[in-house]
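Asks: Sequence:
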Amino acid sequence: MPHAKRTRLLKIYFLLFKRFGHRKWWPGETPFEVMAGAILTQNTNWANVEKAIAELKKRKLLSPIALSSVPNAAVEKAIRSSGYYRQKAERLKGFSRFLCGRYGCDLQKMFSRPAGALRGELLSVKGIGPETADSILLYAAGKPVFVVDAYTKRVFSRAGMIRGDEGYDDVRAFFEKNLPRDSALFNDYHAQIVELGKRFCLKSEPVCWACPVLAECRFGRKRVY
DNA sequence: GTCCAGGGCCTAC
DNA sequence: GTAGGCCATGGA
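So in my numbering, the last one in the first sequence is 226, and the numbering has no gaps at all.
Quick caveat, the hints were computed from the structure, so don't treat them as lab data.
Note that the coordinates shown come from a computational prediction; the quantities given were computed from them, not determined experimentally.
Any given hint could be a false lead.
Stated by the list, open to error - Derived lysine-lysine pairs resembling DSS-like cross-links, with alpha carbons at most 30 Å apart: (1) Lys178 / Lys110; (2) Lys199 / Lys154; (3) Lys178 / Lys127; (4) Lys110 / Lys94; (5) Lys178 / Lys12; (6) Lys178 / Lys25; (7) Lys25 / Lys144; (8) Lys199 / Lys58; (9) Lys127 / Lys19; (10) Lys127 / Lys154.
With the sequences and hints as input, model every part of the structure.
Replies: Put into structure tokens, the structure is as follows:
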């Protein structure tokens, strides 16, 4: 069965799509807003991030030039609702400095670089780890990179498709290896996983009992759920 | 009051 | 190289 994993992954995506519809990610009007959101949403509810982004817009701080030039305190005040606001203000400023220093504040210039090389550069910026880097690559730059998050590990380990103790890059490789390398698919698949996780795969429960999608998936002869 | 959210860094072993 | 502490607000 050389394509068993691929078939399962595509089937799960199809079921998610059927249930939730196209997720239309990433919510954000511009690529820079998407990137800022990727930093602001680290371990934080998206509703809190939306308020922070609205506040940054209101104060005209949502640009690499503005962020890199204003004092930390001004950014902190605007993004307070997103939590970890001191760290995140520093991270937004650091990323903006990188953007303007390395690429003259020109996003298209940055996006024109190969995904692998750009990923390495992003990871060297303090405050940008693997998930944030991949979110930027996929949702702002449109590169075919699969984004892994806590929900991804939780859902697919409970579905028995991964162990759950793998490192970030191992899980990412699992999806990239077993799915067609398509940014539109990667984009919506990750968004679907988040939707599923939020609704049916809570941290505090040992398995996704109520998960309507995984319940329809049969692994081998027996149902997992 | 408790739990959790679309992580990542730093420090100990 | 990895487990554990830390960062912090706001909604359920």
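Asks: For every hint, state whether the structure bears it out.
Replies: A quick look at each hint next to the structure:
1. Annotation: proposed proximity of Lys178 to Lys110 holds, straight-line Cα distance about 28 Å (limit 30 Å).
2. Distance check on the hinted pair: Lys199 and Lys154 sit about 13 Å apart at the alpha-carbon level, within 30 Å; holds.
3. Between Lys178 and Lys127 the alpha-carbon distance is near 29 Å, which keeps this suggested pair within the 30 Å criterion.
4. Between the alpha carbons of Lys110 and Lys94 the distance comes to roughly 19 Å, so the proposed pair stays at or under 30 Å and holds.
5. A threshold of 30 Å between alpha carbons decides the hint, and for Lys178 with Lys12 the separation of about 16 Å falls inside it, so the pair holds.
6. Between Lys178 and Lys25 the CA atoms are separated by roughly 24 Å; this keeps the pair inside 30 Å, and the hint holds.
7. Distance hint between Lys25 and Lys144 is fulfilled; the C-alpha atoms sit about 16 Å from each other, no more than 30 Å.
8. Only pairs whose Cα atoms come within 30 Å are accepted, and Lys199 paired with Lys58 is accepted, the gap being roughly 28 Å.
9. Pair hint Lys127 plus Lys19 does not hold up; C-alpha atoms about 39 Å apart against a cutoff of 30 Å.
10. Annotation: proposed proximity of Lys127 to Lys154 holds, straight-line Cα distance about 24 Å (limit 30 Å).
Checked against the numbered hints above, the structure breaks only hint 9 and satisfies the rest.
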